[in-house]
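So the sequence lines, in the order shown, correspond to chains A and B. In this text, residue positions in the first sequence follow the numbering used here: the first is 1, and each later residue adds one. In this text, residue positions in the second sequence follow the numbering used here: the first is 1001, and each later residue adds one.
These are computed hints drawn from the structure, not numbers from a lab. Among the clues, some could well be false.
What the hints assert, rightly or not - The calculated DSS-like cross-link candidates involving lysine-lysine, where the alpha carbons are at most 30 Å apart (straight line), are: (1) B:Lys-1099 / B:Lys-1185; (2) B:Lys-1185 / A:Lys-31; (3) B:Lys-1099 / B:Lys-1276; (4) B:Lys-1185 / B:Lys-1276; (5) B:Lys-1099 / A:Lys-31.
Stated by the list, open to error - Covered stretches of chain A, as calculated for chain B (at least 3 residues, CB under 8 Å): (6) 43-51; (7) 59-69; (8) 280-286.
This one's a predicted model, so the numbers in the text were calculated from it and none came from an experiment. For glycine and all other residues, C-beta sits at the position ideal for the given N, C-alpha and C.
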Amino acid sequence: MTRKVVDPAAVSENEFAKEAKSSFADFFFRKSTGFFALLVAMVLIAILVSLGLEAWPALRNFGWKFLITTTWDPVSNQFGALVFITGTLVTSAIAIVLAIPVSFGIALFISELSPRWLRGPISAVIELLAAIPSIIYGMWGLLVFAPWFGNLEPWINDHLGAIPGVGLLFRGPPIGIGVLTAGIVLSIMIIPFISSVMRDVFMLTPATLKESAYALGGTTWEVTRFVTLPFTRTAVTGGIFLGLGRALGETMAVTFIIGNANSLNSSLLLPGASIASVIANEFTEATTHLYKSSLLALGLILFLITFVVLALAKLLLLHLESRLEGRKS
Amino acid sequence: MIRLYTRRLWINRVNMSMAVLTTIIGVFIVGWILWTTLHYGWSAVHPHIFTQDTPPPGSSGGGLRNAFVGSLILLAIAVVIGTPVGVLAGTWLGEFAAKNRLGVIVRFLNDILLSAPSIVIGLFVYAILVNPAGHFSAFSGGVALALILIPVIVRTTDETLRLIPNSLREAAIALGASYWKVVAKITWRAASTGILTGVILGTARISGETAPLLFTALNNQYYSSNIWHPIANLPIVIFQFAMSPYSNWQQMAWVGAFVAIVFILVLSIGARALFKRSHLLE
């Protein structure tokens, strides 16, 4: 398709007659495509403004207390976001802690260990994880993974739960669903995003840098640890933030697995709720104006958190790009 | 000296084995999820799945016809709105703003929109379309999906256009062609495979999106093709059926998941093959 041979003469044949018109056409073309580009850029601002307006009644009513109270009581019209903010942050934290080493291992395997013929297929398989829709992770998590994981939970109770202090996090009924399970499934969902960034930047590390370290007798691990990682540090952090941004906003999988309990629990094995899951569950049932406005305020909070995380991710990723471009020129 | 050397070798071996192990875990999980979906889905596939509508709770039989039709309608609305907007915006970025500052900002915002939580997009469309209109509609669902599709198309269009060698453009301009003709007849043509790949990959992505449809297209127990009314759609039917206690509904949810996965895999693999072919030719 791309190699369609374009005959330049045929294109320009009728052009002379239209020359006068064409300068206006050019102007129009440039401005109209520019209009759509600005439109796309404006969507983010429009989201911020419209959610802000819709959330205003709740924010005005509850003030800063909205962020730090745990009451979520539609009957008496009292709303606080703390349970859900905590749920979102905790599930995302579990996801990121589990996803970083696994993504790093996968990226290391693909960039350093894998035979050349296996690189493509392995990358493609891992990227399939990103193509599977969130709802299918949810179903798999609820109907397959959670029952299986529930069998492991007595063990977690007995061993991790026995540690003084931290053990408090790992005590609870072995029901399978809960905050920890949601975090684990989230980690699977963000692995492809983190590992593909890591893989790309590992492969971009200049060969001369790596080769000089190998020439000094470094092992593959030492070259990775002391050459590749320091060179790609900012971009790797960017990839991690990208994964975090995904985890924070993930809705359907979490809604299926987290258990949807609007209360703050000390244990990760107990059900909880996240910002996205409570919106998904309750929005169409929200009858009063204040209830709906509170849910939209939760959406606004989620949007602001992910915006900051994603913007940071993008800035960190741009950093390596500009550094590599500087090298080339 | 020797001991230090063996120590280093062992550290290397352990870490590299961990890398192999994590890769195996990753591949295993992909296999686990796909196998589960295909296994449960395939065992419940039945011809009436495609000819009957969603059954009421607790009853047996029924199918997913209304959900399939509804999802296709939603995808069509999203692609019809998203493709021109995305391609034009991407064209501006790739052709007119390859290096300037405004281009950098727009590209930055587009990349954030690309990863923005889809549930927030759903809330946004609820606020601007559903709430003023006073009712849920397939059209608003299509708009929500289009908002997720657009940044994908913008990005691939922009990237593909920037890869087109400038000599192509210069040759046409030197012959007196106006710039918009150069874009329309030469660079778009040269970039058509890349742009098409973007549209297909974007469609694959939105075809499983559930969260933005919850408060826009909603759901419909019956067959409907009216885009101004709530419409049944596969993701929300899967959500509702999988969470239900009825085994007939749960089985149907697996069939829905099976069809969705196959659809998405075919689109993704097709897009990859298309992309590869265009690269091989060069």
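| field | In rising order, the numbers of the hints this structure does not comply with | value | 7
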